[in-house]
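Asks: Sequence:
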Amino acid sequence: MTAIDLVTRPELERFKAEIVIEIKKILLSERRPVVKLWMRSADVRKLLGISAGTLQNLRTNGTLHYSKIGGSMFYRTEDVEKMMNDGSTDKP
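Okay, so the sequence shown: first residue is 76 according to the working numbering, each after it adds one.
Heads up, some of the hints might be wrong.
[Unchecked claim] Subject to a maximum C-alpha distance of 16 Å in a straight line, what follows is the list of computed EDC-like cross-link-like pairs (lysine to aspartate or glutamate):
no., residue 1, residue 2
1, Lys111, Glu153
2, Lys121, Glu156
3, Lys143, Asp154
4, Lys111, Asp80
5, Lys111, Glu156
[Claimed, not checked] Cβ-Cβ distance ranges computed for the label pairs, FRET-style:
no., residue 1, residue 2, range
6, Leu81, Leu103, 30 to 36 Å
7, Lys157, Arg107, 50 to 56 Å
8, Val109, Met158, 31 to 37 Å
9, Asn160, Ile96, 42 to 48 Å
10, Phe149, Leu87, 47 to 53 Å
11, Thr135, Arg106, 24 to 30 Å
12, Asp161, Lys111, 38 to 44 Å
Derived from the structure by calculation, the hints contain no laboratory data. Where is the CB? At the ideal position from N, CA and C, for every residue including glycine.
Sequences and hints are given; from them, build the entire structure.
Replies: See the structure below:
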């Protein structure tokens, strides 16, 4: 014969609460910062501290690549970072 274990409702609810707590711990420990792949013009201007006209010049002369969707300009974050790194100088 085999023994049958019965689980009461309070025991089941306690087990559920323990599982939820463990899942939350796992999710919080593995949380990584969200990196935006695309930036809007306002984000780029704010990051670089430049005006809308300067940003337009960067687009026009090909310094900063962009995509236009509808009436909005989007810039890949890696392109903005690359432009900043390419323009840096190593001065002592």
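Asks: Indicate, hint by hint, whether the structure satisfies it.
Replies: The hints, checked one at a time:
1. Lys111 x Glu153: Between Lys111 and Glu153 the Cα gap is close to 10 Å, so the pair holds against 16 Å.
2. Lys121 x Glu156: holds (14 Å)
3. Lys143 x Asp154: Given pair Lys143, Asp154 holds - Cα atoms ~15 Å apart, limit 16 Å.
4. Lys111 x Asp80: violated (51 Å)
5. Lys111 x Glu156: Since the Cα atoms of Lys111 and Glu156 sit roughly 12 Å apart, the hinted pair holds (cutoff 16 Å).
6. Leu81 x Leu103: 30 to 36 Å: Hint holds: Cβ distance 34 Å, inside 30 to 36 Å.
7. Lys157 x Arg107: 50 to 56 Å: violated (22 Å)
8. Val109 x Met158: 31 to 37 Å: Between Val109 and Met158, where Cβ atoms are some 22 Å apart, the hint is violated.
9. Asn160 x Ile96: 42 to 48 Å: holds (44 Å)
10. Phe149 x Leu87: 47 to 53 Å: Taking Cβ atoms as reference, Phe149 and Leu87 lie about 50 Å apart, which means the hint holds.
11. Thr135 x Arg106: 24 to 30 Å: With Cβ atoms ~40 Å apart, the hint is violated.
12. Asp161 x Lys111: 38 to 44 Å: violated (20 Å)
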